[in-house]
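Using the hints provided, position chain B relative to the given structure of chain A.
Chains A and B, in that order, give the protein sequences. Numbering-wise, the first sequence is residues 1 to 85 according to my numbering. Numbering-wise, the second sequence is residues 1 to 148 according to my numbering.
Worth flagging that the hints you see were computed from the coordinates, not collected in a lab. None of these values were measured; they are calculated from a predicted model. A portion of the hints provided could be inaccurate.
Stated by the list, open to error - From chain B, some residues computed to sit far from chain A (all C-beta separations above 10 Å): (1) Ile11; (2) Ala15; (3) His97; (4) Thr123.
Claimed, not checked - Per the computed footprint, the stretches of chain B lying under chain A, defined by three or more beta-carbons under 8 Å from a beta-carbon of chain A, are: (5) 47-57; (6) 109-117; (7) 124-134.
We put the beta carbon where it would ideally sit given N, CA and C, even for glycine.
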Amino acid sequence: MAIDLLYFSWVREAIGVGSETLDPPEGLASVGDLVDWLAARSDGHARAFADRARLRAAVDQVFVPLDAPLGQPREVAIFPPVTGG
Amino acid sequence: MIRVSVQTGAIEVAAEFAELVGAGVGGIATFTGVVRADDGVSTLELEHYPGATEAALRTLAEEAAERWSLATATITHRVGVMHPGDLVVFVGTAAVHRAAALESCAYLIDRLKTEAPFWKRETRGDRASWVEPREGDMAAAARWISAD
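Chain B on its own, in the form it takes in the complex:
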């Protein structure tokens, strides 16, 4: 099963996890991204490209499901205004064995970061700035392509 969601509401990890358990297979891997409080960030705002975002996430999930023979791949990404400690993104994969679950989970978050149309804006005090892409993220995504 493949499920993607782009939502303004909070990410409910227990419900997300229950769905993965419901796949009834032996291995589940999850990644949860949390808004960091470092360097005085007070709010984080996520903008996205409605329609194209969901399509991009679905394409990634379908690619992972095929490559690792997943029973379930889920991606839930929050948008709008968030605060330190809030959950931004949840990626979950369920497969027969652990290696497929773990690898596909890493693949999804690595590629999501460089391919899905989201943009982050941080506010510190009364100053807001758009987050710049990180070279480390580009390298993390590229390793999945060069490995083919």
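Next up, chain A with everything else stripped away, as it sits in the complex:
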């Protein structure tokens, strides 16, 4: 099932696009598994996702840790720790 991927900040810059729609394989159990699969797509993806400790994620706009179950989301966002305010 197709998922809308959204990237922000230096994750977006490393990958080169702010969003893409992809159809990941069945059987990805966690958000981290999806990140593993994405990391193999290009050098930019690999660079963006090299340091997992610096990544945060949201599944259907709910903020979750990378070991959270992936389920069947419509939208997954991957980004660095936030720095607003």
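Same frame as chain A, now just chain B:
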């Protein structure tokens, strides 16, 4: 009343404040964040996650309104390109007494900094860099959770 806004336009503090006064209660607290000019920053750019940002701010404002029985909680956050001296964020709370207004205002800005999906990029001369999260901000947000 709860109101959140994520906007590219300037923050109008007088209008924000008038709305808090309009709540008609005894105590108002506000926090205003300003773009700092330190270490040669020429521009500050704020990126955010449309939709999720507004939802996160609304959730925080609702939590504060319930915890401190607020008459009004407002959060206005600017995004896009800003310069030193520009206002980045305005948080305002109105409550019957000062302690509730002051505490809830601190709670909102502390938690906003670590939970709302904004990212800052600073430009100094021709060099741009993404701002790294600060441990002090994490500690400031955590104190509200450990206090429960």
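* **Which numbered hints fail** => No numbers; nothing is violated.
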